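From first to last, the protein sequence lines stand for chains A and B. The letter at position 51 of the first sequence is residue 51 when you use our numbering, and the numbering goes up by one with no holes. In our numbering, each residue's number is its place in the second sequence (first place is 1) plus 478.
Just so you know, these hints were derived from the structure itself, not from any lab. Take the hints with a grain of salt, since some may be wrong.
Think about it this way: if two alpha-carbon atoms lie no more than 30 angstroms apart in a straight line, the pair counts; the simulated BS3-like pairs of lysine-lysine are [as the list claims (entries may be wrong)]: (1) B:Lys720 to A:Lys335; (2) A:Lys242 to A:Lys221; (3) B:Lys578 to A:Lys33; (4) A:Lys370 to A:Lys5; (5) A:Lys242 to B:Lys813.
Computed from a predicted model, the values in this text were never measured in an experiment.
There are 2 protein chains.
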Amino acid sequence: MSTDKLPTQHDDFPAWYVEVVRRAEMAEHGPAKGSMIIKPHGYAIWEHTQRALDDRIKATGHENVYFPLLIPMSLLEREADHVEGFAPQVAVVTHGGGEKLEEPLAIRPTSEALVWHTYSRWVQSYRDLPLLYNQWNNVLRWEMRTRLFLRTSEFLWQEGHTAHATSAEAMEEARRMLEVYREVAEDVLAIPVFTGRKTAAERFPGADETLCIEGLMRDGKALQCGTSHFLGQNFGRAYDVKFLNASGEQEHAWGTSWGFTTRMVGATVMAHGDDAGLRLPPAVAPIQVVIVPIHRNDDERAAVTAVAEPLRARLAEAGIRVRLDDREQHRPGYKFAEWEVKGVPVRIELGPRDVASGKAVLVSRLDGAKEEVAIDDIATGMAERLASIQRDLFAEARAFREANTHQITSFDEFARGVDEVGGFWVGGWCGDAACEADVSAKTKASIRFLPFEPVDPGAPCIHCGKPGIDTATWARAY
Amino acid sequence: MSTDKLPTQHDDFPAWYVEVVRRAEMAEHGPAKGSMIIKPHGYAIWEHTQRALDDRIKATGHENVYFPLLIPMSLLEREADHVEGFAPQVAVVTHGGGEKLEEPLAIRPTSEALVWHTYSRWVQSYRDLPLLYNQWNNVLRWEMRTRLFLRTSEFLWQEGHTAHATSAEAMEEARRMLEVYREVAEDVLAIPVFTGRKTAAERFPGADETLCIEGLMRDGKALQCGTSHFLGQNFGRAYDVKFLNASGEQEHAWGTSWGFTTRMVGATVMAHGDDAGLRLPPAVAPIQVVIVPIHRNDDERAAVTAVAEPLRARLAEAGIRVRLDDREQHRPGYKFAEWEVKGVPVRIELGPRDVASGKAVLVSRLDGAKEEVAIDDIATGMAERLASIQRDLFAEARAFREANTHQITSFDEFARGVDEVGGFWVGGWCGDAACEADVSAKTKASIRFLPFEPVDPGAPCIHCGKPGIDTATWARAY
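Looking at chain A on its own, in the form it has when it is part of the complex (with noise of 0.2 angstroms):
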């Protein structure tokens, strides 16, 4: 690990991002272009949100499946929207098993085309319905200016694609995977977000709406976390999905369709990373506890080793991922930064003199704050000792986005102050697509959301002075 500093989250987000990425292990960018690798304290971290947030769809009556890879270009050109929408990113296949195919195959960049195509075999009665389907995948959107985990041509994600026989409850689903998103966010990765639906303008190609979850990440910038698409009839206008109702009609079937990725390990670097490296939520922390030992010689060593082995068999009896860091050619101040790189949440000192007074220096990675702790007593206070830290890090977030939540007074006001400090900006807006496209232009924000259902504001457009129709939370976004 290099040991020169970090830079400072103030001096430079960008670069300290990059750096702390690096330094930490969780990626690099692989040899094809917007391509990643994903290292083992990276790929950890999203199996333990992928673990807490397969539990949650299953727990809501979803099944999981698996949809292939490659998609016949003639199939993902049948809706006009969401082929417009993602025809400039597509990777196409024209060569496989050694000679030009006779229908160029594209890479899905989602599955909806796909998976509506399929639906329209697997529906023909309202008893058929809902289909409440998920999966985990890859998938690839071509992008020319990538960044690791926030922005790749390939991602892991799961995206969940459902059918239903009205609208309501379609839309229903919609809310109640958004609201899964919400959970995962906050209670796992301890990222507060706004909930709320996109504008026309920010919508998924081929969707009615798209609802969102948006956090603040420690620049002042905006990340959408995750999305959940009511997708009306349109796919099941396009692909054909028609089931027969109770009455004995045909209908189209109502669609939803909702994502989180792997972006979201970039976000957790983001909200709530520091300027020694990552703070991690224990929750997903691929090491929850790091106990490391002090000493000058050799009977020093076997005197802590002979406290250190059994402290750690304790704290992972007791469910922690705990590791013993004995490795014999770093020193301890080396190891201390580099778990403090890794974002540890728990670190454990052992020296000489602890274990003659048969205690420990506990440090939180939260605050560095240290506290002596009987070794005795280590293994069962850590799980509430974890649960706190998880709190403390989401009340701390939570505390960062209220203080960068501003009501708009003025659009000056608001033009300099998301160019100077960032962070969401509430204020009426018109309705109108081109007066939204031209506050973006003026000032690189983007409406994150509006609210669920229109909410008259009782102030004009913060832009045009028209009257306002809705609420807007403007930002600037990843």
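Following the hints, complete the assembly by docking chain B onto the known chain A.
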């Protein structure tokens, strides 16, 4: 579900397989050639298998990572045997983001090229070794003749890739992971497997040794169930993965790779199924116990449901994957047949007379045996009942394999036997690849495996009669 009779295994095993996979709703073909849509009942079997294997991969010290889908063609071409073996099967991306690419990209047929290219950056000193990494992903090998789960262009798998400082350590790793595969095949999927090494003709392109587990399907054909490769220094040299050893000298790293795929879902169908459909090992059955209520009127339905629902809840609490099939549009007989095709290990039939007597009929999918059990005792006894079915399924498959493993006494007997009844045929082999090819041409059988260390069979080659230098086990195979 179709209510026509299934083809029998005896009359037409391939047709039986196709129909069982279809009626059990495990998978179907996708629109792109050779692609497969895995449906919930098939995918859940894979998920349970994955979890069992992933736990063991981690318990043996490996960490999960993710390498990209796309590999620059020039990278794939560095190891001569490797590219010769895989180039004909590669799907090639030539366009991305609306433009022709400067260099075509291969969809990974396997990831050695990308992994070892990356390892050259990760390895400098012997202290960096071993690298013990694994990934769960999709790979693509162009196939003309496909069969669901057994042979599809895209399939799901895990691929482990390790690098070591010595040949002995790498070989030990290859053996260790083969043993992990044996455990999962036998203890989880209840499929008895032989372990051994492949002949040079059957080796993985680029490996010095390929170790394998081989199972026997109920039609007498063998199926390769997993492979673990000792790569020697071939990839270390081709991708320049060098390390400074403890004596300060540069050496190339030694490698292994090992893979286990969704084909094992197909193996589970073919190793255990009978003329009524699937018989699933409880360890991977998506539903382990189904409760089918029986009633002829509303009063009876109320009485039965009042007992069935609490029974379901108690089974679920006991950690059993249970389903109460209270669908109103189907009769009990239809449900029995459906859950039989889907291979649910235990069916509970619950009618008004059962409720009155406090007993229910339990039917084992293993052999159709019925047993009356006090309703209050069902939940507490179920884990052991399922464990016993798991053991019996394995014992039955092992007895079948023993009955179908033959010592070769003459070439003619072997040639006739392998054609008429299939099975494994064991005899002396001269070690000559030309003789091996000759036998394959005459019998359509191949050498499935050799013992780990050459064993002098004390018998001449079964074909050419020259002195046997090893013992070969032959079979026709998928």
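Right, here's what the structure says about each hint:
1. B:Lys720 to A:Lys335: Roughly 26 angstroms separates the two Cα atoms, so the pair holds.
2. A:Lys242 to A:Lys221: Violated: lysine 242 of chain A and lysine 221 of chain A sit about 43 angstroms apart, past 30 angstroms.
3. B:Lys578 to A:Lys33: Distance ~13 angstroms between lysine 578 of chain B and lysine 33 of chain A Cα, so the pair holds.
4. A:Lys370 to A:Lys5: 22 angstroms, holds
5. A:Lys242 to B:Lys813: Holds: lysine 242 of chain A and lysine 813 of chain B sit about 26 angstroms apart, inside 30 angstroms.
In summary, the one numbered hint that this structure violates is 2.
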